[in-house]
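So the protein lines, in turn, are chains A, B and C. Letter by letter, the first sequence follows residues 1 to 621 in my numbering. Letter by letter, the second sequence follows residues 1 to 238 in my numbering. Letter by letter, the third sequence follows residues 1 to 289 in my numbering.
Bear in mind the hints are in silico, worked out from the structure with no lab data behind them. Bear in mind that the values here come from a model prediction, so they are computed numbers and not experimental data. For glycine and all other residues, C-beta sits at the position ideal for the given N, C-alpha and C. Don't take every hint at face value.
Said to hold, decoys possible - Some, not all, of what chain B presents toward chain C, calculated at C-beta under 10 Å:
(1) GLY23
(2) GLU32
(3) VAL77
(4) ALA105
(5) ARG107
(6) ARG111
(7) SER113
(8) MET154
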Amino acid sequence: MRRGAIPLFAVLLGLLALAFTGIPSFYLVLLGTVCFWIAQATSWNLLSGYAGYFSFGQAAYVGVGAYTTAVLTGRHGVGFFWTLPIAALLCGLLALGIGAVAFRLGSLRGEIFALLTLAVPFILAAFARINRSVDGGQGTSVPPPDVPGWLGDFQQFQYLLAVAVAGLAVGVAFVIQHSRTGSALAAIHDDEDVAEVLGVPTYRYKMLAIAVGGVLGGLGGSVYALQIGFVTVESVFGLMIPLFVIVMAVLGGRGHWLGPVLGAVLIVTLQDRLTSYGLDEWNAIILGAILAVLVAVAPAGLYARLRSRPLLALAGFVVVCGVLAIANVWGEELDWIVAGLLAAAAAAVLVRRRTTTPVPTPAAAVDKTDVDLPAAPLGEIIVECRGVAKHFGGVHALDDVTLDIREGELIGLVGPNGSGKTTLVNLLSGTFRPTAGEIRVGGADITTLAPHQIAHVGMARTYQIPKPFSSMTVRDNVATAIVFGRTPVSLREARPLADRHLATVALGHLADAYPAQLNLHQRQLLEMARAIAANPKVLLLDEALAGLNPAEVDNAVRVVRRIHSTGITIVIVEHLLRVLNQLATRMVVLDRGTVLADGEPRAVLSDPEVVRAYLGRQAHV
Amino acid sequence: MSDTLLEVEELDVRYGDAQALWGVSLTVAQGETVCVVGPNGAGKSTLVNALAGVHRASGGRIRVNGQDTTALPGHRVCAHGVAVVPEGRRIFPRMTVTDNLMLGAYRKGARPSYRETITTVHEMFPRLAERATQLAGNLSGGEQQMLAIGRALMARPTLLLLDEPSLGLAPVRVDEVYDAVQRIAASGVSVVVVEQDVERALAVAARAYLLGEGRVVSSGPAAELRDSPAVRRSVLGL
Amino acid sequence: MNVVQAVLSGALIGGLYALMAIGLSVTWGVLRIINLVHFGLILISAYLTFQLATSWGVDPLLTLLVTVPAMFVAGAALQWLFDRLAVSEFNSLLVSFGLLIITIQVAANIWSADFQRMTASVNPYATASVSLGRLVFPVTTLVAFVLAGVVVLGAHLVLRRTFAGRALRAIAQDSAVAGAFGVDHRRLSLVLGGLVGATAALAGAVFALSNALTPETAYEWFGIVFAVVILGGVGEVTGTLAAGILVGVLSGVVAVVWSPATAPFVLFTAIILALLLRPRGLFAIGAVR
Numbered sequence: 001m002r003r004g005a006i007p008l009f010a011v012l013l014g015l016l017a018l019a020f021t022g023i024p025s026f027y028l029v030l031l032g033t034v035c036f037w038i039a040q041a042t043s044w045n046l047l048s049g050y051a052g053y054f055s056f057g058q059a060a061y062v063g064v065g066a067y068t069t070a071v072l073t074g075r076h077g078v079g080f081f082w083t084l085p086i087a088a089l090l091c092g093l094l095a096l097g098i099g100a101v102a103f104r105l106g107s108l109r110g111e112i113f114a115l116l117t118l119a120v121p122f123i124l125a126a127f128a129r130i131n132r133s134v135d136g137g138q139g140t141s142v143p144p145p146d147v148p149g150w151l152g153d154f155q156q157f158q159y160l161l162a163v164a165v166a167g168l169a170v171g172v173a174f175v176i177q178h179s180r181t182g183s184a185l186a187a188i189h190d191d192e193d194v195a196e197v198l199g200v201p202t203y204r205y206k207m208l209a210i211a212v213g214g215v216l217g218g219l220g221g222s223v224y225a226l227q228i229g230f231v232t233v234e235s236v237f238g239l240m241i242p243l244f245v246i247v248m249a250v251l252g253g254r255g256h257w258l259g260p261v262l263g264a265v266l267i268v269t270l271q272d273r274l275t276s277y278g279l280d281e282w283n284a285i286i287l288g289a290i291l292a293v294l295v296a297v298a299p300a301g302l303y304a305r306l307r308s309r310p311l312l313a314l315a316g317f318v319v320v321c322g323v324l325a326i327a328n329v330w331g332e333e334l335d336w337i338v339a340g341l342l343a344a345a346a347a348a349v350l351v352r353r354r355t356t357t358p359v360p361t362p363a364a365a366v367d368k369t370d371v372d373l374p375a376a377p378l379g380e381i382i383v384e385c386r387g388v389a390k391h392f393g394g395v396h397a398l399d400d401v402t403l404d405i406r407e408g409e410l411i412g413l414v415g416p417n418g419s420g421k422t423t424l425v426n427l428l429s430g431t432f433r434p435t436a437g438e439i440r441v442g443g444a445d446i447t448t449l450a451p452h453q454i455a456h457v458g459m460a461r462t463y464q465i466p467k468p469f470s471s472m473t474v475r476d477n478v479a480t481a482i483v484f485g486r487t488p489v490s491l492r493e494a495r496p497l498a499d500r501h502l503a504t505v506a507l508g509h510l511a512d513a514y515p516a517q518l519n520l521h522q523r524q525l526l527e528m529a530r531a532i533a534a535n536p537k538v539l540l541l542d543e544a545l546a547g548l549n550p551a552e553v554d555n556a557v558r559v560v561r562r563i564h565s566t567g568i569t570i571v572i573v574e575h576l577l578r579v580l581n582q583l584a585t586r587m588v589v590l591d592r593g594t595v596l597a598d599g600e601p602r603a604v605l606s607d608p609e610v611v612r613a614y615l616g617r618q619a620h621v
Numbered sequence: 001m002s003d004t005l006l007e008v009e010e011l012d013v014r015y016g017d018a019q020a021l022w023g024v025s026l027t028v029a030q031g032e033t034v035c036v037v038g039p040n041g042a043g044k045s046t047l048v049n050a051l052a053g054v055h056r057a058s059g060g061r062i063r064v065n066g067q068d069t070t071a072l073p074g075h076r077v078c079a080h081g082v083a084v085v086p087e088g089r090r091i092f093p094r095m096t097v098t099d100n101l102m103l104g105a106y107r108k109g110a111r112p113s114y115r116e117t118i119t120t121v122h123e124m125f126p127r128l129a130e131r132a133t134q135l136a137g138n139l140s141g142g143e144q145q146m147l148a149i150g151r152a153l154m155a156r157p158t159l160l161l162l163d164e165p166s167l168g169l170a171p172v173r174v175d176e177v178y179d180a181v182q183r184i185a186a187s188g189v190s191v192v193v194v195e196q197d198v199e200r201a202l203a204v205a206a207r208a209y210l211l212g213e214g215r216v217v218s219s220g221p222a223a224e225l226r227d228s229p230a231v232r233r234s235v236l237g238l
Numbered sequence: 001m002n003v004v005q006a007v008l009s010g011a012l013i014g015g016l017y018a019l020m021a022i023g024l025s026v027t028w029g030v031l032r033i034i035n036l037v038h039f040g041l042i043l044i045s046a047y048l049t050f051q052l053a054t055s056w057g058v059d060p061l062l063t064l065l066v067t068v069p070a071m072f073v074a075g076a077a078l079q080w081l082f083d084r085l086a087v088s089e090f091n092s093l094l095v096s097f098g099l100l101i102i103t104i105q106v107a108a109n110i111w112s113a114d115f116q117r118m119t120a121s122v123n124p125y126a127t128a129s130v131s132l133g134r135l136v137f138p139v140t141t142l143v144a145f146v147l148a149g150v151v152v153l154g155a156h157l158v159l160r161r162t163f164a165g166r167a168l169r170a171i172a173q174d175s176a177v178a179g180a181f182g183v184d185h186r187r188l189s190l191v192l193g194g195l196v197g198a199t200a201a202l203a204g205a206v207f208a209l210s211n212a213l214t215p216e217t218a219y220e221w222f223g224i225v226f227a228v229v230i231l232g233g234v235g236e237v238t239g240t241l242a243a244g245i246l247v248g249v250l251s252g253v254v255a256v257v258w259s260p261a262t263a264p265f266v267l268f269t270a271i272i273l274a275l276l277l278r279p280r281g282l283f284a285i286g287a288v289r
């Protein structure tokens, strides 16, 4: 059982039990509302928080769920409990439909996704309004179902349902966060392209997240229909729903399952207090202000802040709540509690902590004894390029490149600036598709494969400007690559394996640090560790030595040697020819998009054509 | 010296926590052509960006015609007669060739005479006149380079900065580019060419600076550096 | 005849849609900011027109003399705020959403949630119409179309023929290089923000001429306006007008041929298809392959 699971169960049971303790129904209603919003915010957070695909369409699920229940029970006399699975199914299908359209649009940016999802509730609302059999503009009333006696009266029954749905949502979020899916979504959130290249089937996971979110949202909507008793288009498809959900999740924090819960609790209780004091009008203003200010100032939300200074927050709560309670000049218990919560939140967010500047810890020097390059016989051809070309508009980055790469080689890919080296790497890893020509890896034509499939065929790469997953530790960056590598393992199993790869690049001492704290050289080493973590057959290093001082360069060279000695074929794009002289078994020189020379390093470097390409036409050789 | 157009003194430039240039000093006289060569990663583009005001310097001084431009916001530097032909051309792809040129003449000092300047540019690069209404993004690499140079000329500069103009171009195109550079230099404009193609750069410049790992490694008349084995080794990274 | 009338009326109403959409489109395309507060400015302008006309008997169209400068300032101030905050393109959507909510609530506080409408005595344009044979065109839609045409023409000319216009387009494509040639991003974006505010004032006044106002109306504009922006191509001025007309015609024809409430479907199906087939917009010119 994971750490958080037991407290979670305990809270859930406690809430359920609360229904039978005879507390005033006012509190049950309030808690029921909190639970509704917890369920909505949490289900929204699965796709939009974890994966970063902001949806403005939460109302679509609430609406479909609510109307399913309303129409089936109100107009066709179907038992309430039967409407739940039907609503869930419909919403799941709706979500999959949205995903199928939105995620296939390759050039879809986050903003367009947000707007597309905004359009969906509008359409559904219009549909409901026209269609007599659904609503016809009149609204539909929801008859109270027959409640089994042991579940208490109708009030208690509604409350229990709300808690059950919220519990389900939070439970699902909790499980997902700690599962493979959670790792995938986090990777997608940080850098979807990199995740894809590492082997994460991004489309599949996004569809899973959107579908589960839809189902949970729909269930919440069904129960909501029961609560409001009379369903109208405005009440369930309105723009207020996504607004609330977004503010709650942004306030609470989107990376963790607790975030939306915190946000929901805070916002609902605040709203309740405002309403009870007749300050309804300020409702929307406060929500809007919270959203605007938060996004600009503390985009990570409350959870992260509370986690780093829990005592401060607790102190804030105790002090404010206590003072109000003792003084007893204003309000009642609930007011004091809410005030205390606000104080805790404010303290956590506003009190500035001294930002720790990344300390550039020197990279631990790799064991200096040079690893003997095994004079291994060259293996089979594993990568074949035939007539490969890539054009960008009028610019011919690559033209007619034909190349074979054999197992065990360490190829230096060189050439003047603009000769097409990085483009070739991008083609081999699947980031771009060639304009013409064929590329085969292990006999398979990769030009039709998705990047994550190319990763599984055995191709790995690093980026010139390192792109680590910023929300994960160094170890988890590497572990994620292992989790989604050719032989799938769980995150837990992957972590010790990750440590081994970190040792290869001598980053072991930084395993628990975050990428933001690493200097450039360390981030490049992390790139390498992540790339080799999935046991690739071929590793493409794109200018892994850029911007390094001589000591760091030597270190990196030793690391590359180590990697090569484990049997991985390496293609290294580089400018420092002196380095490649020592390292490479073969040099391929590109010039203006074509292969100029290809062969043994010393021979290639003294080839007059090559020298001319670098130094210019009348170079004295 | 009153005929020094550009004076760079102990220039430091940082990118985040990495320092790219360390105490770089150089001068360019009125009407002189100077080249800066060196291997990749030596900081050549960083130098150009700092001179053009695209990137802030973190230490040192840049003086153009005696005026200190070091701390000026980017858009004010060109008023002092500095125009840049960026690395990789960086023309505006979704604007026509003519629009790209016209944007070059945006600064107050260049606007009034834009008609005259554009005629000159068309004479120098007839292909730009032919392709006047085409979208810049659809031009070939060589044509885009011409456009980038033409755009810079529209600003009627006294100092022209060229960042790796031979990048990714076929030799015959590079010939055209350098012919143009020579004609521009002949008209009295001071030129700074930053290049990887050492031979070309030295052929067109009077003086040269060799940059290595963010510092000036050596400098002198172009003829001297042409025969220097140190230059060859440095550029080849050997 | 019904269909012909529907097509032409729809085209004219499309003018209003285009008028609302053009500000948002240009801000998004040039400044990379999705400014939802634009809807708030349109709303406030509409209410101001209503208020000035009702309380002081000012001719509704003359209220523009007040609302246009006011919204120019508001627009510029908003742009200044966005610049200061330096939010990303996506976050601008969220922040402006928050600000929009506040604006709408303020409108509700001042003018209440009841429907407000200029009475016929105050608003002579509401009932006036022009007849061409058997076709009837309400004056309000003509005004909308003419204004839209003027604004689009003006924007088109400025963007294509003036130095400032080129500078704006350059900023959208490569702001750093544009700066190297003297383009002052800050100042231009403030002016643009102001001009966008001015178009909001125009749109608001026109809307108030023929519709009842309630704060929630601002939300109803979302769908249509984004449809127009996306179909027309983000940042494409003439495309926005064309898309507005298309949307107007489509809605009008569908309303007549099927039913008024079916229009949203057809519309959004069209958007989805358009996004799938031509992500740059149906009328986007200057596609660089």
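*In rising order, the numbers of the hints this structure does not comply with*: Going through the list in order, the structure violates hints 1, 2 and 7 and respects the others.
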